[in-house]
Each structure stands twice: as structure tokens, then as C-alpha cells.
Amino acid sequence: MFPFTYTFEREIIKDKTSDQVIYTTRDILQKKKVQNILYGPNFVSFDEGLFTERSNWHYLSLIDNGKFIYNENNKTLTYEVKLWKLNLFSLIFLIITMANFKDTFGNLFPFSALLINHLLCYFGNRGLIKKIVHKINYLS
8 MFPFTYTFER
18 EIIKDKTSDQ
28 VIYTTRDILQ
38 KKKVQNILYG
48 PNFVSFDEGL
58 FTERSNWHYL
68 SLIDNGKFIY
78 NENNKTLTYE
88 VKLWKLNLFS
98 LIFLIITMAN
108 FKDTFGNLFP
118 FSALLINHLL
128 CYFGNRGLIK
138 KIVHKINYLS
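The opening position of the sequence shown corresponds to residue 8 in the numbering used here, with each subsequent residue numbered one higher.
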């Protein structure tokens, strides 16, 4: 089974304070219409909830919550994202299709859908932290 949590780490190469990193991260998340943003010293966390304003094809609609943590000592930004909602819906979809379809396609379709959703979520969230670090390092 695929992991329920992804963790990404990126290095901040510029001399930035914790507040600058946290505020830049918060601003980018707000532009992406992320819901329930909570931020404080050295962290930004968010909770997406079950239903969001964005389309179901957006990679942030697949996750439950995420947290950015900035370690000022070694200048790394860590992003942890949880995927319980994605796995729960995939499990329900798997049970329904396994009960209704008895052929090979019916059994492989839920697994391929789960794989595609995980790939979309993984690469989308990896791109999100890359975008944030790029803005911190080169654009601000």
C-alpha cells in the first residue's frame, strides 16, 4: 500500500528570517485558496477539510492537511502532507468496484485509479514546495 504521508525537504540558500519564510509560504497557500491556514513561529499548517472550493482534479483537493516547518539552524523547509481522505475514498471505490465487476478490468481499474491519484498528489505537492522555495531563494 502507498504511504499515507509524504514528506519533502528543501534547502533555503538565501539569508532569510523565519518570519520571511513563513509569510511567503502563507501567501502562496492563500493564492491557491487553501482553507484553514494556521501559522506561527517556524510553521504554517493547513487543513483542507472534506469539501473544497477547487475542482476535484486539483492536487490539493486530494489531501487532508499539510504542515510546513522551517528549521532556521540548518535552513531547511520541510513539508509534510497527509493523504487519509485519498486513501479512504480509494478503499471505498475499490470495495464497490470489486463487488460489482468480476472481470480483470473491474479489478485493475481501482488500483490504477489509486496509483494515478497518488502520482498526481505526489508530484503536485513536490512542485508546491519547489515553487515556495524558488520564490524565497530567487524572487524575494
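Worth flagging that the hints you see were computed from the coordinates, not collected in a lab.
Accuracy of the hints is not assured; some may be wrong.
Okay, derived cross-link-like pairs now, EDC-like style, lysine to aspartate or glutamate, Cα gap no bigger than 16 Å in a straight line [as the list claims (entries may be wrong)]:
#1 Lys89 / Asp110
#2 Lys40 / Asp71
#3 Lys74 / Glu87
#4 Lys82 / Glu16
#5 Lys74 / Asp22
#6 Lys89 / Asp34
#7 Lys138 / Asp34
#8 Lys137 / Glu18
#9 Lys21 / Asp71
#10 Lys142 / Asp54
#11 Lys137 / Glu16
#12 Lys92 / Asp54
#13 Lys23 / Asp54
#14 Lys74 / Asp54
#15 Lys39 / Glu16
#16 Lys142 / Asp71
#17 Lys82 / Asp22
#18 Lys138 / Asp54
#19 Lys82 / Asp34
Q: Identify every previously stated hint that the structure contradicts and give their numbers, smallest first.
A: Violated hints (numbers, rising): 1, 5, 6, 9, 10, 13, 15, 16, 18 and 19; every other hint is consistent with the structure.
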